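Spelled out from the first residue to the last, the chains are:
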Amino acid sequence: MTDHPTAELDDVVHQRHRLGILTIAAEAKQVEFGYLREALGLTAGNLSRHITVLDDAGLVAVHKGYEGKRPRTWVRITDTGRTALAKEMAALWALVRRQPAPEPAAPRPDQHAAD
Amino acid sequence: MFSGYLYPAGNPTLVGAYWLAVAVVGALATLAWYRWRGVRTGLRVRTGAYLVGMAAALVIMLGVVPLADSWSLRLLNNEAAALWVSAGVFVVGLAIAAIGRRFVWVVAVGAVIAVLAAGNVAGLAPLHGFGGLLVIGVGLLGLAWSERSVGAAVVAALFTATAMLANLYDMENIFSRLFGGFTDNETTIAFQSLVVPALVLLIGGVVALVSGRKGTAR
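Protein chains in written order, with my numbering: chain A, 1 to 115; chain B, 1 to 218.
In short, the hints are calculated from the structure, not lab data.
From a predicted model like this one, the values you see are computed outputs, not experimental measurements.
Hints should not be assumed to be uniformly reliable.
As the list claims (entries may be wrong) - In the DMTMM-like style, the derived pairs of lysine to aspartate or glutamate whose C-alpha atoms are separated by at most 25 Å in a straight line are:
1) Lys87(A) / Asp55(A)
2) Lys29(A) / Glu147(B)
3) Lys214(B) / Glu147(B)
4) Lys64(A) / Glu27(A)
5) Lys64(A) / Glu8(A)
6) Lys69(A) / Asp11(A)
7) Lys214(B) / Glu8(A)
8) Lys87(A) / Glu147(B)
9) Lys29(A) / Asp3(A)
10) Lys87(A) / Asp11(A)
11) Lys29(A) / Glu88(A)
12) Lys214(B) / Asp11(A)
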């Protein structure tokens, strides 16, 4: 096992759509399927697949119910999910800290110095 | 704590009941609105910080202040030192709760220390009887935290600052300097104390409404 920060990245969490689901869910009490689909720009099938992966890993809990006659699926991050997300963020921070500070942006070719 | 000005204009019991009702009904209405918005938008915001903040502020104002009133004053026999010591104990309580946040019992011990110290600070401060404003201020700070909104935090901080001013400073002096004249009418003094925090809330609400509509229209 290497001590490079990337070794701490969890593939289940790190995938960008799943990371999106977890970060949105971590900021709210519960988040509805439609909200996630719109916020992340995913199709229903794609989102459903990612939620199933997270649910199987115990990172989110899914609750299905009705709001009036409309079926609703609510997603909530679990304690395990919160811990996994915090670990992922810590690994990303460690990775960022290893990089040299970004150089100031070079002026565009069409940009002339004011004289 | 809730019964209006130092020398209340109306029946102190009725005024106190009014502020208590405002705090409780306001909190319930806010929670109902958040629930309705959660269903409508698909994002249910955590309202725990708001609820705990409001409940803690109510308990401090109505329960702890009368009980814990001025323990540090009795201990130190100096009002300024007593105020600083209890403010320090409040910070220590919060620090204990923050540092030991992984353990529920440490958080509970820290919270009890902070609540007792806050009650003591409130007991020492010569509040003008607008404790209800401070309860609402704590609730607004909790809401800003839940929403992670800088705008809401600014309004909450401004409101709490003006609520402190209404409770600690004789606002009629400001009005007298600005508009001339001086009143000793309790109703006018109460109005002058309440109008500034009320305006902060109204203006903050209107700005939030307008910017929210602009955001939706975009």
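Tested hints:
A hinted pair counts as satisfied when its Cα atoms are at most 25 Å apart, and Lys87(A) with Asp55(A) qualifies at roughly 18 Å. The hinted pair formed by Lys29(A) and Glu147(B) meets the criterion: a straight-line CA distance of about 11 Å does not exceed 25 Å. Between the alpha carbons of Lys214(B) and Glu147(B) the distance comes to roughly 19 Å, so the proposed pair stays at or under 25 Å and holds. Restraint check for Lys64(A) and Glu27(A): the C-alpha separation of about 20 Å stays at or below 25 Å, so the hint holds.
The straight-line distance between the Cα atoms of Lys64(A) and Glu8(A) is roughly 33 Å, outside the 25 Å bound, and the hint therefore fails. As the CA atoms of Lys69(A) and Asp11(A) are separated by approximately 38 Å, the hinted pair breaks the 25 Å bound. For the proposed pair Lys214(B) and Glu8(A), the alpha carbon gap of about 42 Å is over 25 Å, so the pair is violated. For the given pair, Lys87(A) sits about 24 Å from Glu147(B) by alpha-carbon distance, which is consistent with the 25 Å threshold.
Between Lys29(A) and Asp3(A) the CA atoms are separated by roughly 35 Å; this puts the pair beyond 25 Å, and the hint is violated. With a C-alpha separation of about 12 Å, the suggested pairing of Lys87(A) with Asp11(A) holds against the 25 Å cut-off. Annotation: proposed proximity of Lys29(A) to Glu88(A) holds, straight-line Cα distance about 20 Å (limit 25 Å). The hinted pair formed by Lys214(B) and Asp11(A) fails the criterion: a straight-line CA distance of about 39 Å is larger than 25 Å.
Violated hints, listed in ascending order, are 5, 6, 7, 9, 12; each of the other numbered hints is respected by the structure.
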